[in-house]
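A.B. asks: Listed below are the residues making up each chain.
Protein chains: 2
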Amino acid sequence: MTSEKEAYLVGVDVGGTSVKLGLFSEDGRLLEKWENPTRLGENGALMFEDIAGSVMEMCKRRGLTRSQLRGIGLGVPGVVDARGHIERCVNLGVSDCVPADELGRHFPGTPIRCGNDANLAALGEAWRGAGRGVDHVVMITLGTGVGGGIVTNGKLLTGFQGMAGEIGHMAVEPMETRLCTCGGRGCLEQYASATGIVRLMRDALEESDAPSLLRGKDSFSCKDVFAACADGDVLAKAAVTKAVRYLAVAMQHIAQIVDPERILIGGGVSRAGDELMRPLRRRFRELMKLQSKIPQVRLAQLGNDAGIYGAARLAKESENS
Amino acid sequence: MTSEKEAYLVGVDVGGTSVKLGLFSEDGRLLEKWENPTRLGENGALMFEDIAGSVMEMCKRRGLTRSQLRGIGLGVPGVVDARGHIERCVNLGVSDCVPADELGRHFPGTPIRCGNDANLAALGEAWRGAGRGVDHVVMITLGTGVGGGIVTNGKLLTGFQGMAGEIGHMAVEPMETRLCTCGGRGCLEQYASATGIVRLMRDALEESDAPSLLRGKDSFSCKDVFAACADGDVLAKAAVTKAVRYLAVAMQHIAQIVDPERILIGGGVSRAGDELMRPLRRRFRELMKLQSKIPQVRLAQLGNDAGIYGAARLAKESENS
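Listed in order, the protein sequences are those of chains P and U.
If you read the first sequence in numbering that gives the first Met the number 0, its first letter stands for residue 0, the second for the next number, and so on.
If you read the second sequence in numbering that gives the first Met the number 0, its first letter stands for residue 0, the second for the next number, and so on.
Looking at chain P on its own, in the form it has when it is part of the complex (with noise of 0.2 Å):
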């Protein structure tokens, strides 16, 4: 129940299919979150429009003042400057844009904050996920691409263009040939994504002859390839070993550079469980060997939740500000 006396924050991730949101206490507990479909166009307009009619409605309904609600955080996928200003984000049809802005006119004298949405997971998981009680976070996803953030004495590192923590194209392969999405080569997302998996599964089939659970099938996704991995299929073990060993490299990379206590795994991929995290962390230890004190690599516990878990706490983060 929500009470009188009490201040919340609203947490919000905004996606190009939908928009999730959270109404959380100040110490950072859901209370209720709901979904709605993401309506593009007019450069962003419609959903801001839609987000603060639906935050307005949840507050009628719960009977919140104005005065209670302390912050609105938005999360998007994409780069968000210092100033919170976007150049473009190409999934949410929206270029140069302050979303604070667009939403704070709904909203007069309500803090709001915006930031990317893989950074405020990052935030998400160390303020009340697999990160609580931990000042120094790097949070990794791994899904259709590969994102992350970092989290140094409890704040989110975001960079001069925002851009801290954008680690799936940092580029770990200088052989490769084909393209990443990016337009580079060799970059940890064409080894490491759920994608990426996939395609090392397929060199695999191809560069041997080797029986395999998952050799003729016209298609086969990465949860695919990590089942036939548990199942002994050599292939998929070698497709696994093969971006265990590119993502191994990347963490110690990150570990030598901003010196976290603990790193997390989320996304899609992470729901492989052990059968990732066994080789990884077997993979990184091997690496970090002569460190006094190796981070801790754990799996994330929000899921999808994070995002707006990290919204909320960037809302208050502006308490102060």
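Calculated from the structure, these hints are not laboratory results.
Each hint should be verified, as a subset may be incorrect.
Which residues of chain P face chain U? A few of them, derived with a C-beta cut under 7 Å, are [stated by the list, open to error]:
(1) Asn-35
(2) Asn-42
(3) Phe-159
(4) Gln-160
(5) Met-162
(6) Ile-166
(7) Met-169
(8) Asp-217
(9) Ser-220
(10) Ile-253
(11) Ile-256
(12) Asp-258
(13) Leu-286
(14) Lys-292
(15) Gln-295
Here are the simulated BS3-like cross-link-like pairs (lysine-lysine), alpha carbons at most 25 Å apart as the crow flies [unchecked claim]:
(16) U/Lys-59 to P/Lys-154
(17) U/Lys-292 to P/Lys-154
(18) P/Lys-216 to P/Lys-236
(19) P/Lys-241 to P/Lys-222
(20) U/Lys-154 to P/Lys-292
(21) U/Lys-59 to U/Lys-4
(22) U/Lys-241 to U/Lys-216
(23) U/Lys-32 to U/Lys-59
(24) P/Lys-288 to P/Lys-241
Here are some of the chain U residues that sit facing chain P, going by a computed Cβ distance under 10 Å [claimed, not checked]:
(25) Pro-76
(26) Val-78
(27) His-135
(28) Val-137
(29) Asn-152
(30) Ile-166
(31) Leu-187
(32) Arg-244
(33) Ala-249
(34) Lys-292
(35) Glu-316
Here a beta-carbon is modelled for each residue, glycine too, at the ideal position from N, C-alpha and C.
Following the hints, complete the assembly by docking chain U onto the known chain P.
C.D. replies: Chain U in isolation, oriented as in the chain P frame:
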């Protein structure tokens, strides 16, 4: 001249053979610098006694009162954790020590802070050197080893154990068979340090019969390799190209992870100037060609004074803490 009304900072860079000291105005003008030999022994007690005596003597000579000394910063060649604790510093013969407390006995009431020397060199360059006016700066120091420091939002990134920026041991070459001094294999330091570049040149001479200015020489330095390179020596060029390739990849990774506005190159190897910087900038730009804004790559400016500048800047920070 020092003035009665003004406040001052002292920056101290403690090395295994000598201690560099500098007196600074609060806005970072270096007013005087001097150097003493390092007296090792008694877990650092002699060294701290010498530093205290030297600072006091300077204050007396200049007529500076205790209250005019706003802070003292100390840089040490080792890992300093968030509480200023050093577990072990081989070069200084010190273990389980809080340098700020040791020096603090001689300066009751004066704020004293301690940090890692490579980190402080980065902070110094960001404050008054080649990173002046820039909030997000990475400095890479290419000397006997490879060190680094990261400044984000104008503050030093230290990480969980105080090891952020220890980029010399990024594992950039998985195929390396030779051991790094750290016990690992394929560390950046094995290629991009002065010793690394000399080794790459030796390898080039062994692996090829091509004529070279350095062939037949019993020993040569990194400076000699760059000089040969400037004279058109094909093998020297190959060695430098290899070093630059690893360094550029490490810089690409650093850029993706922390998103700096500027990357500074310092240390003895950077004295090669254009002979290093031209191919390094070219290779780095190739790897970063898809970024909207590519970090600038510049030579550091403060040379051996970067450490005392950074130590003074750290002392300045302690004012508000």
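A.B. asks: Are the hints correct? Go through all of them and say.
C.D. replies: Each hint, compared with the structure:
no., hint, result
1, Asn-35, "violated (31 Å)"
2, Asn-42, "violated (20 Å)"
3, Phe-159, "holds (4 Å)"
4, Gln-160, "holds (6 Å)"
5, Met-162, "holds (4 Å)"
6, Ile-166, "holds (6 Å)"
7, Met-169, "holds (5 Å)"
8, Asp-217, "violated (32 Å)"
9, Ser-220, "violated (27 Å)"
10, Ile-253, "holds (6 Å)"
11, Ile-256, "holds (5 Å)"
12, Asp-258, "holds (2 Å)"
13, Leu-286, "holds (5 Å)"
14, Lys-292, "holds (6 Å)"
15, Gln-295, "violated (10 Å)"
16, U/Lys-59 to P/Lys-154, "violated (43 Å)"
17, U/Lys-292 to P/Lys-154, "holds (24 Å)"
18, P/Lys-216 to P/Lys-236, "holds (17 Å)"
19, P/Lys-241 to P/Lys-222, "holds (16 Å)"
20, U/Lys-154 to P/Lys-292, "holds (24 Å)"
21, U/Lys-59 to U/Lys-4, "holds (16 Å)"
22, U/Lys-241 to U/Lys-216, "holds (21 Å)"
23, U/Lys-32 to U/Lys-59, "holds (15 Å)"
24, P/Lys-288 to P/Lys-241, "holds (20 Å)"
25, Pro-76, "violated (16 Å)"
26, Val-78, "holds (8 Å)"
27, His-135, "holds (4 Å)"
28, Val-137, "holds (9 Å)"
29, Asn-152, "holds (8 Å)"
30, Ile-166, "holds (6 Å)"
31, Leu-187, "holds (9 Å)"
32, Arg-244, "holds (8 Å)"
33, Ala-249, "holds (8 Å)"
34, Lys-292, "holds (6 Å)"
35, Glu-316, "violated (14 Å)"
The structure fails hints 1, 2, 8, 9, 15, 16, 25 and 35 (numbered hints given earlier, in ascending order).
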